[in-house]
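Number of protein chains: 2
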Amino acid sequence: MKTKTMKNLPIRNVKVKDPFWSKFQELVISEMLPYQKAVFEGKNRNNRGGSAIENFRIAAGESKADYYGMVFQDSDLAKWIEAVAYSLSVKPDEKLEKEADEIIELIGRAQEADGYLNTYFQIKEPEHKWQNLLECHELYCSGHMIEAAVAYYEATGKDSLLKTMCKNADLICDRFGKGKERGYPGHQEIELALLRLYRVTKNEKYLNTAKYFLEERGTDPEYFAVEAAKRNWQHFGMNPENREYAQFHAPVKKQDRAVGHCVRAVYMYTAMADLAGETGDKELLLACEKLWENITQKHMYITGGIGSIAAGETFSADYYLPNDTVYAETCASVAMVFFARRMLELRQKGEYADIIEKELYNGVLSGMQIDGKHFFYVNPLEVVPGISGELHGYRHVLPQRQDWYACACCPPNLARLIMSLGRYAWGENEDTVFAHLYLGGKAHFDCAGGVGIKCESEYLRKGFVSFKLSPEKESKFTFAVHIPAWCKNFKIRINGQEETFELKDGYAYVNRNWQKGDTLTLELDLVPRKVYSNVHVRENAGCAALMYGPMVYCFEEKDNGKNLAALSIPEKAQIHALVEEHENIGEVLTLKFDGAKDISGGKLYEDEAPKLESCKLTAIPYHLWGNRGPGEMRVWMRVK
Amino acid sequence: MKTKTMKNLPIRNVKVKDPFWSKFQELVISEMLPYQKAVFEGKNRNNRGGSAIENFRIAAGESKADYYGMVFQDSDLAKWIEAVAYSLSVKPDEKLEKEADEIIELIGRAQEADGYLNTYFQIKEPEHKWQNLLECHELYCSGHMIEAAVAYYEATGKDSLLKTMCKNADLICDRFGKGKERGYPGHQEIELALLRLYRVTKNEKYLNTAKYFLEERGTDPEYFAVEAAKRNWQHFGMNPENREYAQFHAPVKKQDRAVGHCVRAVYMYTAMADLAGETGDKELLLACEKLWENITQKHMYITGGIGSIAAGETFSADYYLPNDTVYAETCASVAMVFFARRMLELRQKGEYADIIEKELYNGVLSGMQIDGKHFFYVNPLEVVPGISGELHGYRHVLPQRQDWYACACCPPNLARLIMSLGRYAWGENEDTVFAHLYLGGKAHFDCAGGVGIKCESEYLRKGFVSFKLSPEKESKFTFAVHIPAWCKNFKIRINGQEETFELKDGYAYVNRNWQKGDTLTLELDLVPRKVYSNVHVRENAGCAALMYGPMVYCFEEKDNGKNLAALSIPEKAQIHALVEEHENIGEVLTLKFDGAKDISGGKLYEDEAPKLESCKLTAIPYHLWGNRGPGEMRVWMRVK
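So the sequence lines, in the order shown, correspond to chains A and B. Counting in this note's numbering, the first sequence tops out at residue 641, every number present. Counting in this note's numbering, the second sequence tops out at residue 641, every number present.
Simulated from the structure, these hints should not be mistaken for laboratory data.
It does not matter which identical chain is used: a pair holds within one copy or between any two.
Think about it this way: if two alpha-carbon atoms lie no more than 30 Å apart in a straight line, the pair counts; the simulated DSBU-like pairs of lysine-lysine are:
(1) K617 / K531
(2) K563 / K531
(3) K254 / K179
(4) K463 / K24
(5) K641 / K563
(6) K164 / K38
(7) K299 / K612
(8) K489 / K641
(9) K65 / K38
As the structure is a computational prediction, the values presented were derived from the model and not from experiment.
Isolated chain A, as found in the complex (with noise of 0.2 Å):
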């Protein structure tokens, strides 16, 4: 009944050494996990009042504080220890293992008898569990520290976090579906979860109760409202009758527009696909490709950003895509990876490859500072110093990655991304080899009795990328190499002689006999391009942004002086790509070209065309802005 057909690799199958990616991952390592821990023990300076490690420990009744933070808390440190998972499979660290079993046998400490597993509720409100679906959180909760079970359990071997968590998944599979008490969570993230769980587990009552939290929803939309007048208090106050900010408007195979909350819209969209690919549903498959393609068409930034309006942090209006006012939450992009990912193991097209690149190199890693300790919630793609965080409508828009943020959703969720990346570079099913991201490093699948392959990336500055195959044995077998949208012109090399292949929906499909040693080049005619967006998107028109490869670049105050507004690109300018120290970020792939400089006279309002400047024009890549200080940024630029 499967629908799937391409199946990721185990993560310890994946090796990365690359020329960026590594860095990254070993900045995580050294800097953002060590960091992040001492945020949850409380040794961060916003967070002074207490941590969520702590809370655990007061749970466990081994701590007499208060308890600390949102309602959502634990979930933070879930992601934490899910993000070490992945690190220890990418870098052993006998350390940060113990810091982590520590955790995790806290956390096994704190949990209750039957399995229930919450600390605000067990600490605040022990009276309230399960009353209040819609705001408090309780199955997004389970769901993140179910994720973190399944994970350290492939990573490391070891089970304490995943007895837990199936006995806490048992409380809410024995507690909730047809025939049981009705409901669903209010933030979807439980679905995916127990989908993880049941694979690791193969314990199918996870799976039917992942299908009935997503066949449930919506199904009776006054469902909050019922729920809401049973109980005689409430959190945040969120209104039950808003039901499309929660996804629960129309049941989710109806859904064909994205609306509302993004990161609950994009975790309930990567849940079904999870399921499609489980049940063979094509009805969910097709609610699930009509999702993406209204987000990708009418609701993505350039840089892969979603949400358009921060006011409860939602999609919006067809096209209606601000740039400076934009919400593009750090952690909305990291859910659109884990939904391009499902969706390309159900169906292996290069437009899936594409967003995972899209999101990884632009809107994902713009979340974090280059030293690992500052994030951003918000991506902007326009700032201005005096508006941007100040002006009433901008408040959300910060100019400056920050240390820390009271709902500390994002940090914890790059960190897990980043250090997972292996699972989103590969995949594989009977017949053929996937790669989707020229990430460098080894790969081993199980495919013609075994394949290894070793990958040397030189695809951000120069497109090119090879891949050594070791078959065990010499095989036919295909390999399958995904072709960038943004690839205009391209060569495939084995043993450095043009190769032919099927070239079908993204992917170049090279079937022959492999030999050990059989190396395949992939030749990208990278060049600096200019994109435009849709004419109904009214915040870009008569712009163009540069782009490089996958990446997004941006213009800096600190390169091209006050008011970029005035800037444009002549339409014939010749621009270069080159690699170029800069203060702070060090070296950069840099785009330099002649542009011009509106200058006018002073006056509010003239009748005179304001003149004409050349000036010398600087770009860098999207996801390095704001690293040298404060200063306007703007990716779209006019074109003269």
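Using the hints, position chain B against chain A.
Structure of chain B alone, referenced to chain A:
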């Protein structure tokens, strides 16, 4: 001591017969005044709970109904009475005068014995009088009723309301001042009203109290916090620490940047200019000049609209002028006319008359539907159905005029301004007669022993104006004609012969012996213009707005199809001005040209620049937008 160098004509000395304005005055008389009176009687659907007139009946002990409306409800009726006063001087109307007289008598009966008059406090919270100047508009309402009283007296000679309001003003003057109770209003208005009352009564205590209110303001920025601490109640919940909001952050003479609530600010600047005119206070005049410069060069939309932030209806950062989330309240444009006129009385500079024109023909007039019964509070420069009025951040930008507003300051403000146009068109001093606005009709001046001028104006369509002078006796004096800043070339002829003149600060001064029947004609070179904004206005980069004379033009979906953002004006477009008949709005001077439209293949992002398709584009005067059903509208258009 006066610095005033030009005086107003009494409104009865001006008769309006203008091809453009007379029909608006007739609309106010025939539709708007009766419509507004019906509203104040509770006969409008949004208003069925009560009426502003009924409030006075309740206060007078003649009704048992409930108080209706806002704390400043009295002021709407005051503005209506003022509009009626001007209307009676334009066109006597016994029935209307009788209606107004009856309301005026009712107001007299509602007044308390000591002169107190504010129906909200009289009915709802008599124990709270004068305790909350920050929020509660008692002085504001008195100010508007004083203006009404002065206008009604000047127009009809009847002094009933004047006596009522002198008694009320006496109460205020007795209460507030040095050595008396401290205080000043949270919403300025009383200051300019007391100055008007001073000029008609010559009673210096009104001048002195106006001076006190202005000079006390901001000397102790803690003042309103102290006031708030003294009482145990609040009205709206205004924060007394938000000092810039109501301009008490600094003494008024030290203010040099427009901040806070626009209408509060500009009513105050108007009073400051007025006071500087009366007292010769150079420092105060200098502050006015700085504030004027700041507003007109950093904070003004091309339509004359001010206020770029809806939250608080406030000024914002320099050059922050978004077209679609704009505020540009109709009342704020009305207030700018007041301020400009006062500045013009002090210094005869064309820039003041230019702004009066800009406001009248654009930001003010767009506030009303051509049926006289629908109004804009917010006057956007870009409207997109599905976004405007709907999305978060755009809910205040209604895409269609409404039949009334809960806070109904704008509609009667419009009525009183349009009916008092004669006050703005002319001026004189000892030896000079000024024509500022080319308003068709007649005016009588005291200058040179008495001069009549008959103006025939084809200003808007042909740039041609003729002034026929009738001095009582042949005499030497100067006739100063405003030369609008928009005009690059012009000719002045006397009796058909080109005449020399001195051009100074935007006025052509013609000094000669004038005889009865001498005719001065002004021929202004009137062609469609592309106007550009300062390069610091991000939103308008690469764009132009079309103007014809003082009129700003706009593009509507009705004429140009959907997705106006995809349109552009070719750099060398020949723009033609022609009179066309349009549905609903009749004969309109329309601008037409061959434009271009971006068309694209449908993907959200593409490497190919959108292709250009040629198309016919049509622009209509901005003030007429929204009269032909809902649809897109925009003022600023890309130039390509």
